[in-house]
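**Student:** As a plain string of letters, each chain reads:
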Amino acid sequence: MKSLRYSLATLALIGTTHAAVAADNLEIIVPFAAGGATDIVARSFEPTFSQQLGVTSVVRNVAGASATVGTAEVANSEGNPNIIGYEPAGALTIQPSLKKLPYGPDSFTYICRTVSNPMFLMVSKASDITSFKQLVEESRDQPFLYGSSGPGTLPHLAMAATVVNSDLKAEHIPYSGSGPAMNALAGNEIQIMADTETILENYDLRPLAVFADHRVEGYDDVPTVEELGLPALDFAVWQGVVAPKGISDERARQYAEACKATVESDKFQSFADKAKAGIAYLGPDDFKAFVQKRFEANKQVLKDAGLAP
Amino acid sequence: MDVILAAVGDAFTWQALLAIVIGTWAGIIIGGLPGLGSVVGLTIFLPFTFGMDVITSMALLIGVYCGSVYGGSITAILINTPGTPQSAATVFDGYPMTQQGRVDEALGWATFASFFGGVLSCVLLIFCAPQLAKFAVNFGSIEVFALVCLAMLCIVGISRGSLLKGLVCGMMGFFFSMVGSDPITGADRFTFGTYALSSGLDLIPVVVGAFALSEVFVRFSARDEEATTIPEARLRFPSLREIGRRLVELLRGSFIGSFVGALPGTGAAAAAFISYAAAQKLSPRRANLGKGEPDGIIASESSNNAVTGSAFIPTLALGIPGDVVTAMMMGAMVIHGITPGVRLMADQAQTVYTLFVVLIIVNVAMLILSKPSIGLFRYLFKLPLGFVMGGIVMFSFIGAVSVRGNPLDLVVAALTGILAYVLRRSGYPLAPLVIGMVLGPALESSLRRGLLISRGDFLSFFTHSGIATTLFVLIGLFLIWTIVGGVIEWRAKVIRTRREASSAQPASEQGIMHDHH
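Chains as they are written, first to last, in UniProt numbering: chain A, 1 to 309; chain B, 1 to 517.
Warning: the hint list may mix true and false statements.
Here are the simulated DSS-like cross-link-like pairs (lysine-lysine), alpha carbons at most 30 Å apart as the crow flies [said to hold, decoys possible]:
no., chain 1, residue 1, chain 2, residue 2
1, B, 134, A, 169
2, A, 276, B, 134
3, A, 125, B, 134
4, A, 274, B, 134
Since the hints were derived computationally from the structure, they do not count as laboratory data.
Just chain A, with the same shape it has in the complex (with noise of 0.2 Å):
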């Protein structure tokens, strides 16, 4: 009987403590495991964006399921206002898509775009094909492998509308993330990849196209896909912050200013820089715009490739 009493007791103890906490405490989602890519620029965006709030923030990893757990706690938490997420593109624009989930599109009320970077068609530096017309070319006798970072994620969709919208002969193999697939590259099991300029830049890599409306600059000599005779695929790798659907809008205009704060502030600028991810800052209003529009963008090449119905 007394240790029951005991453990009554602690139980209230928790339940208070959590409630005194919650109040003033923001609780930003990251869908990925500590340490990752996306969670690198989540925890040095976080400092400065609490500081703009004036709360404290605490970010929290809830990784799995291609980072749709994550999200669809951030979309199951309707009308709270100390619940944020931040959020890469693909769990918000392709997964919704290819799976049942708690969330869609229109399950969060949309802060802003922070960072985004275009991504590149890559061979190895090592292969002897310098141009995408080559690669079409070669890839007749023999089809090509193209690699990703696992099945649905971007660098998979960018390819998937490369070789339905243009000659180009190739198969997807997807591994578990772009080092092993860079490391399948460079020992010739697969011979295309799509990814960002980072991996570009890390590995011996050359580009032979953007997936982006305008060539990028500092690589003036590599043509937009559009330039290639394909349409035009825009695909980039970005991440931006959204809030669950039901917060008051004074709560949502007060997201919207520390984020867009965070981002023009010297210390994301400074870090950003040292990432190599790009800034690209989208307001509420734009940035819902365009994750709808990525959307159905994505669930298009989808269709065609015939990875969702």
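Using the hints, position chain B against chain A.
**Tutor:** Below, chain B alone, put in the same frame as chain A:
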């Protein structure tokens, strides 16, 4: 040479040394607590490093990493519960030694083997990182498949009681690892339509349930028995003569660990199992393995700590992190403006050499700090059994949930604990379950990727490359060896029984009757 001297100077600043001592010590404690392992340790310390300079922060993280890989062996030996999955293979011989009253010897070997493996892999890292990295690149999906098949064979060796029971548990672990997203198509499978299961079953909650929680249940169900008291933790380092006698074992474990660590996507737990499998075939004292033989501890601990050094090879030479832990380290480096990749060695040679020096200091620190750490565990385990077990349950659940922050993992840990208790009571070995869980995903995805690459032709696996062919031949030899050995043993047994029977026959008929039972 100037670079190396400058690097030594960078590593011997008071900030870096302090970070090494704190990191290593904290790592040992965190590794020793069941459930809390390398990933949790690094997650705790990662935010602290944001304000430090690059060498200090890497020193702290490397300390935590190496310390935690070693620390897992302490609880594996003392209470039959590996503190981290990497030390799961240490249990096989570590705990039997404890039961025989050889705790001091077991801990001594675990500590020394960890130190030896760690240092040897650092030396390899310094002298052959580029060559090893180049070799690792040639290790494609098909080669990884062959290597994992080889490692899977150790299930046979550790299923002493009954091979069938071992295989049942191995397959169980294998199928546990299949729940969640399909690695090739991304579709959900074995989720029974529930969203909660789509993130799959993580290794840590399963290990925590299978070892830590089931151990707690077993101890409580038999709490009045003598065997449930935890022996006092003491440490006795092996003498030079003993080391000399087992030097081959130390070297073999360290080289296997160094090699496996350099391959992307394998990791320390797999290395320990592969090394243990090798010891089962090659150790001169292999007959005693699994019954409390130091060679088993050496195989496991020298290889898993050798991974700590060589896991940096693909990270530093190619910018490709070998496992979750090195991926986190790479993240920490990026924060400080160092981008690992092909040009790192050329552009930032001094930083890279400083990291090598730090790695060696960490291993020395580990050796020195082992004694006070074990002292702490001795103090902790002197508490009444109820408190110790309560603490283990608490840390197990904290560890299980803190890996991904997913509440499902708590349920998984609890259910695995109950399942593991039932399995243990029915005489099923639990280690194959963990092996299946560790190697299953690698086996499946490398096989399916290999089939995609060879366009569905499995036979071409055997001739895909020299490395693949060699590995498959080794598997063949292992199988023949095991079967021939089994037949010889069986024949010897039959002859012995017959001889005994014929000598017993005149004395009494009942002897034979008894044999037929």
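**Student:** Evaluate each hint against the coordinates.
**Tutor:** Now the hints, each set against the structure:
no.: 1; hint: B:134 <-> A:169; verdict: holds, 29 Å
no.: 2; hint: A:276 <-> B:134; verdict: holds, 27 Å
no.: 3; hint: A:125 <-> B:134; verdict: holds, 15 Å
no.: 4; hint: A:274 <-> B:134; verdict: holds, 28 Å
Checked against the numbered hints above, the structure breaks none of them.
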